[in-house]
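Let the sequences and hints guide you as you build the complete structure.
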Amino acid sequence: MIPELGHFALALAVALACAQGIIGVFAPGLQDARAMRAAPALAISHFLAIGAAFLGLIYAGIVSDFTVENVANFSSSQVPLIYRISGTWGNHDGSMLLWCFILSLCGVTVAVFGGGLPASLRARVVGVLGLISGGFLLFTLTVSDPFTRIWPPPLQGAGVNPILQDPGLAFHPPVLYTGYVGFSVAFAFAIAALIEGRIDAAWGRWVRPWALLSWCFLTSGIALGSWWSYYTLGWGGYWFWDPVENAALLPWLTGTALLHCAIVVEKREALKAWTVLLAIATFSLSLSGTFLVRSGILNSVHSFAAAPDQGLFILALLAVTIGGSLLLFAFRAPVLAATGIFAPLSRESALVLNNIFLCSIAAVVFVGTLYPPFADLLFGIQLSVGAPFFNQTVLPLTGPLIVAMAIGPLLPWKRAAIMPALHRIWPVAAVALLVFISMTAERHVIAALGLAGGTWVVLAAIWDLAQRLRLFQAPLQDSFARLTVLPRAAVGAALGHIGFGVTVLGIAGMTLAVQEVIVLMPGQSTTLGGYTWTLDDIRNAPGPNFSQRVADLTLSKNGHELLQMHPSRRFFTAQKTVTNDAAIHTNGFQDLYAVFADEPAGGGAELRLNRHPLAPEIWFGGLIMALGGGLSLSDRRLRVGAPSRVKTGKTQGAPA
Amino acid sequence: MDGLRRRLLFGAPLAVAGLGGAGFYTILRRMQDNHYDPHALPSPLIGQRPPAFSLPGMAGGSGFSNTDIMAPPRPMLVNWFASWCIPCLEEAPMLMQIAKTGLPIWGIAYEDKPDAVSNFLATNGNPYTRLAADSSGLTAINWGVYGVPETYFIDTGGIVRSRWAGALTDQIVAEELQPLLARYS
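Line order of the protein sequences matches chains A and B.
Counting in our numbering, the first sequence runs from 1 upward without gaps.
Counting in our numbering, the second sequence runs from 1001 upward without gaps.
Watch out, some of these pointers could steer you wrong.
[As the list claims (entries may be wrong)] Stretch-level coverage of chain A by chain B, calculated; a stretch enters the list once three of its residues show a Cβ under 8 angstroms from a Cβ in chain B: (1) 325–331; (2) 339–345; (3) 368–375.
[As the list claims (entries may be wrong)] Facing chain A, according to a computed beta carbon distance under 8 angstroms, are these residues of chain B, among others: (4) 1003; (5) 1006; (6) 1007; (7) 1009; (8) 1011; (9) 1013; (10) 1018; (11) 1021; (12) 1027; (13) 1028; (14) 1111; (15) 1118.
Everything labelled a hint here was simulated from the structure, so no lab data went into it.
Where a beta carbon is used, it is the ideal one built from N, C-alpha and C, also for glycine.
Structural data, given as structure tokens:
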């Protein structure tokens, strides 16, 4: 019964989303105030309908209703509760529903918190979101229905994919999807503004919090995903340049560019066309990334198996969304002329430089990701463009970005001179140079460059902040007083840069990783990275829906016993799959990483032992970036900017 | 006029997206028709000996040069692979099967690190009689390698008789490799 209600709610949501879309987009043109007010109301009911459908599917998962095909294929009653819930979105149909749910959440957020926007703009933004939602809900309902029933039901479900049975899976997709889908709001703002034919500083101020919010989620989602693959896949790798990862990285790159140039629109009314294009491009990349990976076009280890006819439906939806928006963009080209002008050396041009580098990196990643399917199409060959290509092309572009991102925030708007900025930052440059020289002495040029670059970015941001606070130049309470009046957006931006620098440090540190693959008998030991790793025992251990073999390792340094590690191999009998559960010990600045890879016929344990210097900084940096975004969102200027307070006189702001 | 020019300029992203979309449409249609015939471009090496090269060994395997494959005692395969390549991972079991039949496979690891290759071979099995490293990727350019994996069939005269770009499949082995073996053994 509940799945039928869910199915009905889904059908209802399609109708409501279409109504929301059509009324929202066309009512402002008809100057019908009542119709314009209807769009936000429809967005709320549309959200409630999808919410009901989503809860219905989760309920079916919780009670293990195996008459629902989705539950029978991807869940089982032996799986712990959290994975019965998260399993509902760990497959194609369920993840579509999650996707639509988050999209409707975006619509409802604009409807509720956008009270201070001009009524016509709000109706149009909500309308555009409704149209997108309508299309994808129709797809879910017709060809990707998560509520399909089967009869007779199997006695037991097939179970959750063992690799996905992990706390990381429960949080990673919703966070990542919120990031992806969140950019739909920036997209809808761009389309609404193009329809109205008016883009000004106010538009820049409205669109930025939404872009920032989704950027925070996307950053956290990518960091979570990378962390998850680091500790579950057992390779000790954190980024594989896999199409799925690239699909997440592309909108992150253009989204980061969007954040930066929306500031220029807001402050200086320049770069308007470019900002609108980035808003369209970011959401288009999110859309195509999510769906092309699933259609099986891109060869990926993560792809959900989907039928090609689903692919054609999706492609048609993408063509309408992306093609339609770009057509509108071209048509409205004349109204997008810039009004603010700036000197070649200024904060604006530093932000332009940032955009050029970010977009070049995006272009390179885009080409590298799409080259294999197009090589197949044009020349009929199947091949893989792998890590060497991306490393060799992306790293040289990241270098100048790193150099520029430390200097940019020091430049004033409109017209700047480079010497005062350099004069302010020379101690940081000296420290970075020192790091570089001391590392090249050990003949790790790449690591030296990365560590120096990371240090440069982190210290430059801290240094700038310290100077603004007059830290150590004025009494401490004076600095603290300055901190309280400093715009939070400025602190947030500095934190964002610090986070990026910390991630760079982590990536550079990982190039110094040492690894050993070795077969040890119980009692034997090996040395790696300054530690003695001893295999004490191999034993059996129980698990909820798997059995496992555990290797007990003791690490010691200079004869002192330091810690125990317990990597295991898990045997999932239902799926006949073995996973390696890595044991990771971290102290915040390095990871000791042990994988129990195999039990060879001759006895003993085949172990992969690694020491990863600075590995935790990779994800820690992502977290700092997201926190910086969050802090910036709480800035008073943005809350005033989302102008509910101005118009309706509410005491609470709308921090997006 | 200026407005029109601006519109055309701003239409460029649309054109790019349109081309991409048309490409994806074609690919999807082909997938739907099961119309996958990987007819590789003819390799410039076919009918010739591989160009001069000398590559060091890797991961315990001994390296080789073009003189080592000028006159092999029996036909052989040269397989280009990399630990970072997903099709190579898929191809690994097939190479193990071929190696068991006694056909020598010499491997060349393309732009890869020794640790990563040992790890890859430890996980997926080592089908290679000899294993060389092309760390710079320069030999691959001379051979005209498109990407990895790629496999070359070399006869007893040291002449390249066939080249497969992409992973070897059951179909390729049955329909192309077996006849070549019958002909050149």
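Taking the hints in turn, this is what the structure says about them:
1. 325–331: Three-residue rule met by the segment 325–331 of chain A, so holds; n is 5.
2. 339–345: This one is violated; 0 residues, fewer than the three required, reach chain B with a Cβ under 8 angstroms.
3. 368–375: holds (count 5)
4. 1003: holds (4 angstroms)
5. 1006: holds (4 angstroms)
6. 1007: holds (5 angstroms)
7. 1009: Nearest chain A Cβ about 7 angstroms off; hint holds.
8. 1011: holds (4 angstroms)
9. 1013: Holds: closest Cβ of chain A sits about 5 angstroms from residue 1013 (chain B), inside 8 angstroms.
10. 1018: With a minimum Cβ separation of about 7 angstroms from chain A (threshold 8 angstroms), the hint on residue 1018 (chain B) holds.
11. 1021: holds (5 angstroms)
12. 1027: Nearest chain A Cβ about 5 angstroms off; hint holds.
13. 1028: holds (5 angstroms)
14. 1111: holds (4 angstroms)
15. 1118: holds (6 angstroms)
Checked against the numbered hints listed earlier, the structure breaks hint 2 alone; every other hint is satisfied.
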